[in-house]
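Spelled out, the chains give:
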Amino acid sequence: MKASPFRRVAIGAVASLSLALTACSGSSTGSAPDLSDKPVTIRATWWGADARAQLTDEVIAAFEKKYPNIKVKGQYKDWNGYWDALATTTAAKDSPDVVQMDELYLASYADRGALYDLGKAKKLLSTSQFDDQALATGQVDGTQYALPVGVGVLSILVNTDLFKKYGVKVPDDKTWTWDDYAKIGKELTDKSGGKIHGAAGAPGFSAGDVKYWARQHGENLFDKDGNVSLKPETLAGMWKYGLDLTSSGASVKASTMVEDLTAGVTAGSFATGKAAMMGVYNTQITAIQQATGAQVQLLQMPRVGNTKANFFKPSMYWAVSSQSKHPAEAAAFVNFVLNDQKAADILKTERGIPANKEMLKHLQPTLAGTDKAAADYMNAVTPGESPVVTPNGGSGIEPELQRYSQEVYFKKTSPDAAAKAFIKELQGEIDAAK
Amino acid sequence: MSSINELRRLRGSQKGARQQNKAAFFFLLPWFVGLFGITLGPMLASLYLSFTKYNLLQPPQFNGVENWTRMLDDERLHKSLEVTFSYVLVSVPLQLAMALGLALVLDKGVRGLAFYRSVFYLPSLIGGSVAIAVLWRAMFGTNGLVNEALALVGVQGQGWISEPGTALSTLVVLNVWTFGSPMVIFLAGLRQIPTSLYEAASVDGAKRWRQFRSITIPLLTPIIFFNLVLQIIHAFQTFTQAFVVSGGTGGPADSTLFFSLYLYQRGFGHFDMGYASALAWVLLLIVAAFTAVNFWASKYWVFYDD
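The listed protein sequences correspond, in order, to chains A and B.
Heads up, the first sequence is in full-length UniProt numbering, so the first residue is 1 and it goes up one at a time.
Heads up, the second sequence is in full-length UniProt numbering, so the first residue is 1 and it goes up one at a time.
If you are wondering where the hints come from, they were derived from the structure by calculation, not from laboratory data.
In this text, a Cβ means the ideal position worked out from N, Cα and C, and glycines have one as well.
Treat the hints with caution; some may be incorrect.
Said to hold, decoys possible - Simulated restraints on C-beta separations:
no., chain 1, residue 1, chain 2, residue 2, range
1, B, Phe239, A, Lys174, 45 to 53 Å
2, B, Asn63, A, Ser36, 38 to 46 Å
3, B, Val90, A, Arg52, 39 to 47 Å
Stated by the list, open to error - Heads up, incomplete: computed chain B residues facing chain A, CB under 7 Å, no partners named:
no., residue
4, Leu57
5, Gln58
6, Gly128
7, Gly159
8, Glu163
9, Pro164
10, Gly247
11, Gly248
12, Thr249
13, Gly251
14, Pro252
15, Phe268
16, His270
Okay, chain B solo, but in the shape it has when bound:
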């Protein structure tokens, strides 16, 4: 008897679970519509378009792998890869170092922490915006604020954004300046580290640097890893800043020709949407590869305290 009752109870709960599932699917519906309609649909369409010649105004024509082989000797594409990679490789480590450094300072219990946290976080909210890019262009121009400040200390400045040699660096500075969001995450991570560990370490005579190396960093590695993955993906997709600062050209002399900017130029400037679609997939593959390598490498340096 009891076993039958047990069975009934189980069946009842299964039924309940099914009903709960239904409710969950119902509430997820908007997200599914978004995923299939706005993300997956266009993605598949662009995969198809990457094998066609498509000028937007006439129906796409299948042209096999022509778009893909064409990339091999597209010099501007190679230039854009060079620009994008050097940007990612320089700006992401600098930005994370900056974020971690300030998080450590703030974690020491500065008075008015909430205020500083907000102030430092602000740039990451607005850093990707058009307004900031316009401001950047004005600040780093020949008659901009930066040169005026340099003139005060007797240094003759130059047009930082209009010289091919320094244009990309100004955008790196812009990205580093938006260290706020990784910083806030670092701060939260620092708060998670039990103070008892530090206490035990100081009893054992470990100095601050030793504590930082042997306690803070290892326990923070999951957070560093998370920020690294996120910021690399973010940096590869840089578009707005370069578009605004160079007026959409990637200039001067292609020195700020980011991958996504080149993709945009091909698609909309040259009615070359098939090729642009193929480029978009290349960007996806590059980002995916970087992320995969990151996850693989994480086994060797990220410490999970489970």
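Next up, chain A with everything else stripped away, as it sits in the complex:
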């Protein structure tokens, strides 16, 4: 993310102005914050299930032991409820101090002055164990508003039991192309006599699909200025490929894709053994493997030529609210969660393969089974440059994309018309937020 010096200064000025405007006490103004020695209570919030809450509560206990005067109150919700609550508490100037952030919403919050510039808390929050690419994923216009917790990379997960059962060879993932993917998918469907499908879906139901498709054609979904730069022809190409998958029978039907979407990855076609291949982030392997009970393996994504289309996708971030009255304590907490071995020992890979390289090194010998497979897979990927963070206004991209994909796969709209309409709508949302 290289902004021109002028742009950087201008944005910095705007950012600090809006910070000053939205700060509700004097504590988050320009100067570096210091830890208080009086009793302080901060609130931390995240989305996720009970298992995550248990681990996080353990980390909180360890943190409170190290900093006896700081109390951390943890709150967690499911994904949808989380964003509703975060938006409304932020609107009410009552945001929790520490917030778990997602790539989709990072710029939406940062651009509107709702996040604290972590650069100000350098003394308390070290970033030295993250590499630049990982740090860049938490920056908006050059300011570090969030730190990535874990990272994932795209992969194709295959159910090797099903491959064996129907006598289909697992492909060599160093050379395979999208044509191979379609051919193998059809072969699986045909040899099973229609009992299973080769692929658990066609591309277009996640932003990762589109980013990957764009990058393998030398394009990007968003340009550096946060505008949609993907060409409609390229996007239409992705949907045409997907239509071929569904009409040849290589992939499950459109209505099954809709059901899988609401069922979630651990209850969809792949998880229930009705499909043998699926595009996932490598870190999802553990949950899905547990759901299927079958042997699974991560394969590299099919490729076009020698493009480095894959990328590190932060599974989530930790950020500090600009409304926090205790940014120092909040920063100290984020530091503990991300940089302390005690925290890493508790959390392991539940929030993704740690983006902190030292923590990953520390954990690596203890990883086993699918966790190890996910870490090994990540080491084998050579990613391209980090994609630009989803711009302010673009947080609705996934539901938008899913809607147009459904229009295409239910044959209500042609790929070309859908591609044009999608790009226009997304750019419109981004313009409206400017």
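Given chain A, work out where chain B should sit, using these hints.
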């Protein structure tokens, strides 16, 4: 003398009335707090917000009627109106017909009436809940109960909720299934009809159908009217079922994009609270218009036996 006494008595009673009024206001206080604090206050705030650009995180900016003019070429809004209107127009009459039909059967003096009444009433208590919506999704899925039942009679089913053509119909079925509360009201209404009327009619030789048309229906019209108004208002506000069944998307392909679901998506999904506030007022106006038309039309068909 007597007139003075009379005056005194009157004044005394006025005083008493004033004191009673005070007591009434005191007891109504919680309701007033609720009305002004929780209903009217936010309503006025949302009216103001409907003329602003408000992303929740920054203070609202006045932008005139921009939110209102924007509705004219918002295709998804038009789609959501289409979905909501077809839902209301189909599901409310079906639900009321179902409710009236069963009320008539139960009114004939079935043994164990209390039991049946409770059983039929149950769905309206739980029909709007998340749990039932989740159950619905499972029942009407590709591998759901409905398709298994169809398979028994040799019919190949489909994913009822995941096909754009049938998704809305499954929600109509869900609404019809919650016929219990209008049914109970119909039952009470049927009990109010004096049996002497039926007796007189049968003496005059009127058959059952004739009795139904000329006695039951006319005397039941106030109840039908009441249920109609209530269920229309209720149906326009449908949210939970569509949210849960479609995972909050209004899919597949916007086929279950209810008005209130779209409003929610704009407000919370897109940080578009100004526009969402304007949409909320549109919904209020639509419901108000329907109710007004209903009341106006009631003059021509509702029969009050005063």
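Hint check:
1. Distance hint check: the CB atoms of B:Phe239 and A:Lys174 are about 50 Å apart, consistent with the given range 45 to 53 Å.
2. For the pair B:Asn63 and A:Ser36, the supplied restraint of 38 to 46 Å holds, since their beta-carbon distance comes to about 42 Å.
3. Distance hint for B:Val90 and A:Arg52: a CB-CB separation of about 43 Å, consistent with the stated range 39 to 47 Å.
4. Taking 7 Å as the C-beta cut-off, the interface hint given for B:Leu57 holds, the closest approach to chain A being about 4 Å.
5. Hint on B:Gln58 holds. Least Cβ distance to chain A is approximately 5 Å, under the 7 Å limit.
6. The beta carbon of B:Gly128 comes no nearer than 18 Å to any beta carbon in chain A, farther than 7 Å, and the hint placing it at the interface is violated.
7. Nearest Cβ of chain A to the Cβ of B:Gly159: about 4 Å, under the 7 Å cut. The hint holds.
8. The closest approach between the C-beta of B:Glu163 and any C-beta of chain A is roughly 5 Å, which is under the 7 Å cut-off, so the hint is satisfied.
9. Below 7 Å, beta-carbon pairs count as interface contacts, and B:Pro164 has one with chain A at about 5 Å; its hint therefore holds.
10. The criterion of a C-beta within 7 Å of any C-beta in chain A is met by B:Gly247, whose closest approach is roughly 4 Å, and the hint holds.
11. For B:Gly248, the interface hint holds, since its Cβ comes within 7 Å of a Cβ in chain A; the closest pair sits about 6 Å apart.
12. Nearest Cβ of chain A to the Cβ of B:Thr249: about 5 Å, under the 7 Å cut. The hint holds.
13. With its C-beta approaching chain A no nearer than about 6 Å, B:Gly251 sits inside the 7 Å limit, and its interface hint holds.
14. Annotation: B:Pro252 was flagged as interfacial toward chain A, and the flag holds, the nearest CB pair being 5 Å apart, inside 7 Å.
15. For the restraint placing B:Phe268 at the interface with chain A, the shortest Cβ-Cβ distance is roughly 5 Å, inside the 7 Å limit, so the hint holds.
16. Nearest Cβ of chain A to the Cβ of B:His270: about 5 Å, under the 7 Å cut. The hint holds.
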